[in-house]
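Number of protein chains: 2
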Amino acid sequence: MKKRSLPSGELGLIEQIQRDFATNSSAVKLGIGDDCAILRPPAGCEVLVTTDFTLEGRHFRRDAHPPESVGHRCLARGLSDLAAMGATPLAAFLSLALPSSMLTKAEGRTWIAKFFSGLRALAELHSVPLAGGDTSESPGGKNALILADIVLIGYAPKGKALRRSGAFPGDALYVTGQLGGAAAELAGMLGRRKRIASVKTTEDHPHMFPEPRLDVAEALLRRGVATACIDISDGLSTDLAHLCRASGVNAEIEQEALPIHPLAARLGAKSALHAALHGGEDYELLFTAPASARMPTSLAGVPLTRIGTLKARRTSQPLMTLLVPDSGPEELKQGGWEHFAKPSRNAKKKAR
Amino acid sequence: MKKRSLPSGELGLIEQIQRDFATNSSAVKLGIGDDCAILRPPAGCEVLVTTDFTLEGRHFRRDAHPPESVGHRCLARGLSDLAAMGATPLAAFLSLALPSSMLTKAEGRTWIAKFFSGLRALAELHSVPLAGGDTSESPGGKNALILADIVLIGYAPKGKALRRSGAFPGDALYVTGQLGGAAAELAGMLGRRKRIASVKTTEDHPHMFPEPRLDVAEALLRRGVATACIDISDGLSTDLAHLCRASGVNAEIEQEALPIHPLAARLGAKSALHAALHGGEDYELLFTAPASARMPTSLAGVPLTRIGTLKARRTSQPLMTLLVPDSGPEELKQGGWEHFAKPSRNAKKKAR
Chain E
1 MKKRSLPSGE
11 LGLIEQIQRD
21 FATNSSAVKL
31 GIGDDCAILR
41 PPAGCEVLVT
51 TDFTLEGRHF
61 RRDAHPPESV
71 GHRCLARGLS
81 DLAAMGATPL
91 AAFLSLALPS
101 SMLTKAEGRT
111 WIAKFFSGLR
121 ALAELHSVPL
131 AGGDTSESPG
141 GKNALILADI
151 VLIGYAPKGK
161 ALRRSGAFPG
171 DALYVTGQLG
181 GAAAELAGML
191 GRRKRIASVK
201 TTEDHPHMFP
211 EPRLDVAEAL
221 LRRGVATACI
231 DISDGLSTDL
241 AHLCRASGVN
251 AEIEQEALPI
261 HPLAARLGAK
271 SALHAALHGG
281 EDYELLFTAP
291 ASARMPTSLA
301 GVPLTRIGTL
311 KARRTSQPLM
321 TLLVPDSGPE
331 ELKQGGWEHF
341 AKPSRNAKKK
351 AR
Chain L
1 MKKRSLPSGE
11 LGLIEQIQRD
21 FATNSSAVKL
31 GIGDDCAILR
41 PPAGCEVLVT
51 TDFTLEGRHF
61 RRDAHPPESV
71 GHRCLARGLS
81 DLAAMGATPL
91 AAFLSLALPS
101 SMLTKAEGRT
111 WIAKFFSGLR
121 ALAELHSVPL
131 AGGDTSESPG
141 GKNALILADI
151 VLIGYAPKGK
161 ALRRSGAFPG
171 DALYVTGQLG
181 GAAAELAGML
191 GRRKRIASVK
201 TTEDHPHMFP
211 EPRLDVAEAL
221 LRRGVATACI
231 DISDGLSTDL
241 AHLCRASGVN
251 AEIEQEALPI
261 HPLAARLGAK
271 SALHAALHGG
281 EDYELLFTAP
291 ASARMPTSLA
301 GVPLTRIGTL
311 KARRTSQPLM
321 TLLVPDSGPE
331 ELKQGGWEHF
341 AKPSRNAKKK
351 AR
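Top to bottom, those sequences are chains E and L.
Each residue of the first sequence is one higher than the one before, counting from 1 in UniProt numbering.
Each residue of the second sequence is one higher than the one before, counting from 1 in UniProt numbering.
If we strip away everything but chain E, and leave its shape as in the complex, we get (with noise of 0.2 angstroms):
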């Protein structure tokens, strides 16, 4: 993040961030104010990186999600990347654009500051300096949209980070906490006429305030017991998927031993899941061990959810079956997000 000319404007924001954000860790040799950050990651281990978007009218809406939400989002999204490859966050970098109307006006000011609020909470939480970025003005005049983009800087022991790509047949599968909860978040969200102006906890908002699991992964990382993990970002099928095809493997899911999250449960067995299956956005982890490896109940507080098992990889067969009480095996199909697919198709999530 560089410091640019006038205390009015672009300055100014990156003065208040640097304030609002100052960092004692000790991997962070120099932040905010150079043309780059310096970090220093401990020694003997690799470094992990990833990239975000959240863009307003495609992964929020001002109308419909609080800003602290938009910003506690934001962070998550890098962070449960991190925690899918098991990584500990080492520092994070936001480039931000904002409507120029914002900067000067009262209510675009609030925003903001409850904007980075929400990211600090959740950067305090997780001990995450934001480390540098860049800031612009928002192309599109009175379109202007707001626009940001958070990398995730983290590291792990040499070759220990979990792939996706590390998965055998006979493997067991497991969740952690609970799915479809931030699609029925989400659907009452849009459903109602008013905006939520304020949110008094974060607790239990699966869509508004995801925890990203990075206690359960780094404790997975230390026993050393998972094969193979993906966070679940665009939906248990889609990212299941994704699973088994870089590990080269087939998946059988026991309907009847979905983990449902009870704000989904409310819509009745049907949309419950569909939401479990296929809502996204529920940053809960994806994980694969040896069938013989013996699991807790719950790692770092959060229950883990035996759902079903891997098979040896046959073309003749579906890459996932579904495995449906009283009625048998189905094809388990990808219904998740894909962002450059047709709109009819995603026309649900417009939010997201």
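Derived by calculation from the structure, the hints in this document are not laboratory data.
Model, not experiment: these values are computed from the prediction.
Just to be clear, a hint being listed does not mean it is correct.
Pairs count within a copy or across copies, as identical chains cannot be separated in the list.
[Said to hold, decoys possible] Simulated pairs of lysine-lysine, DSS-like, Cα-Cα distance not exceeding 27 angstroms:
hint, residue 1, residue 2
1, K29, K160
2, K142, K114
3, K114, K158
Guided by the hints, dock chain L onto chain E, whose structure is given.
The following block gives chain L in isolation, referenced to the frame of chain E:
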């Protein structure tokens, strides 16, 4: 960069990028295709990180810039930040949001292919692998714009990276290459009636194809002679002010010493001087060294010019002074670019 669902859209784009940017860099242990990339920086080195937006209508115009230039400049911005600190690039990450119509229409696909061709040519020149990023449809419907954010990860020996803050009173001030060329070329481009459809060579195009000074920076670091360094991305007057403030010094510039780019010289003396002092995006380096240090006339094939001297900080004196021949000292004020400044200040530079 995560793989999502359908080959028709985003996944197709990611797979294309993956093929085109296949890397055999030993520092990239895992590239595009998992939740994070895994990098292995050399032992004993610090990791440097910089992020830079490239937003349509703000940093480039689709009707004025050839797509190869947009891709080149996108990467050049980040590489120049690494050069400013004497770092060696390890990997680049690109977050790219595109209007959905670009993926379905031939014209759009051609634009994207040329954008990546420009980015790839510069990446290959500096052996920088593209190791990941994010993709999205850009929001705004018919008003959707091309939005890019480039992340560069580099490395430098522990404690050796060049900072803005290391200069002392008495140090000599140097610049690489020539100044004002980028502003002069941009003015010419915006004055044209027709868009530049194709460019035969990337040489001698200081605005469209700036050359980040990585080789000079690495040579400076090896010599251990520079006390501070910054890249001239916002204009000499703005970036010199940053260096002076960070180092706690004043500066004196000799107007006659400024190496004016031939494209700027053609504009006449007054405009040329303005372009050299305040025109942004030359992406040359501004660095300092003890006045007693022997400095070659060129480094890594790039001319070095001594343009002034640092003085002790006196608040009664201007931060920066310009020594004008036949006239005497004048205060040099910052005239560079700030994104959130009032529109009138920046009106002439909208394409940046």
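Now for the hints, and whether the structure bears them out:
With identical chains, the CA atoms of K29 and K160 are at most 27 angstroms apart both within one copy (25 angstroms) and between copies (12 angstroms). For the homomeric pair K142 and K114, the shortest alpha-carbon distance inside one copy (22 angstroms) is at most 27 angstroms, but the shortest distance between copies (30 angstroms) is not. In this assembly of identical chains, the alpha carbons of K114 and K158 never lie at most 27 angstroms apart, being 38 angstroms within a copy and 37 angstroms across copies at closest.
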